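Those letters in the sequence shown? Residues 7 to 315, per my numbering, in order.
Because the hints were derived from the structure by calculation, they are not lab data.
Here the structure is a predicted model, which means the values were calculated and not measured.
Incorrect hints may have been included.
[Claimed, not checked] Computed beta-carbon distance windows for the label pairs:
1. L154 <-> V312: 16 to 22 angstroms
2. L154 <-> W29: 38 to 44 angstroms
3. R156 <-> G126: 22 to 28 angstroms
4. Q47 <-> L255: 36 to 42 angstroms
5. N64 <-> F94: 43 to 49 angstroms
Don't be surprised by glycine CBs; every beta carbon is placed ideally from N, CA and C.
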Amino acid sequence: MQELFNVVLPVFVIIGMGYVANWRRFLDDFLFDGLMKFAQQFAVPCLLFVAISTLDLNASFRPSLLISFYSGALVCFVIGTLGAKTIFGRSTEDSIAIGFCALFSNTVMLGLPIAERAYGVDNLSANFAIVAIHSLFCYLLGISVMELSRARGKSVVSAFQTVAQGLMRNVLVLAILAGFVMNLSGLQLPSPIMDGLSLLARSALPVALFAIGGVLYRYKPEGDSRVIAFVCTLSLVVHPTIALAVGTLLELSQANLRAAVIMASVAPGVNTYLFASLYGRAMRVAASSVLFGTLLSILSVSVWLVILS
């Protein structure tokens, strides 16, 4: 048990330090927006670009691995959307935003550091394979469904043009695509540039975790408690359970099964709030789901690490 806490707690200690830093005003609140923007717009894209450009694609991109993780994500999106609509009586657009909360796991800012602590930095190739298409898959699905529900007179072509424009403005998607281009083409950046990107990439996870803590301080747990509990259950229990079941059925290797389940077991990401803000729908549910899901991840991830041990 002590070893388990040694794996999980350091990640949440950094988040807690960011939370306290904002709560006690050791840093001005607006600075956390800057740190989050630095992480999301610069450091994390560098991390993804460097990892994917050097990834052994043949060894990492196993269809069974991706099916195990993304089948669970898709099921949770469908259950989340339909459940919000039929059980909680939310509007269609609210329901899609709530479904997106159950779809988008915080794979980069929680999944990667937890997997690194648990299994070592040299055993993350399967995790990066999941991350490589995560934003693309989730935004493509979420934006497509939302835009189609809002079309009301627009053509299908127009709706999908909106989807494409949204994806091409996402710097994480662009970094991932650039990494694939470098990997598949065999091109290499000059060593000084690659070394500089690698240095920047090393700052991504600790800065992102600290910034998450500061940002979470703003998220006030107000109302919608049943919907929030519903989202957290889907994210922390249903998704990893499906990943484990499908991965076992498809006979994933131990390393790939661990990657699929751990990446599926973390809280909704901050991008769920950004998605909700983009459409002005279910923003309070998204913010509170991120807050409570992150806190509950301390327990849920620990349980899944025990199950996978």
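Consistency of the hints with the structure:
1. L154 <-> V312: 16 to 22 angstroms: The hint (16 to 22 angstroms, Cβ to Cβ) is violated, given that L154 and V312 are roughly 41 angstroms apart.
2. L154 <-> W29: 38 to 44 angstroms: Given a distance of about 41 angstroms, which is inside 38 to 44 angstroms, the answer is holds.
3. R156 <-> G126: 22 to 28 angstroms: For R156 and G126 the Cβ distance comes to about 45 angstroms; the hint is violated.
4. Q47 <-> L255: 36 to 42 angstroms: For Q47 and L255 the Cβ distance comes to about 39 angstroms; the hint holds.
5. N64 <-> F94: 43 to 49 angstroms: Once the Cβ atoms are compared, 45 angstroms apart, the range 43 to 49 angstroms for F94 and N64 holds.
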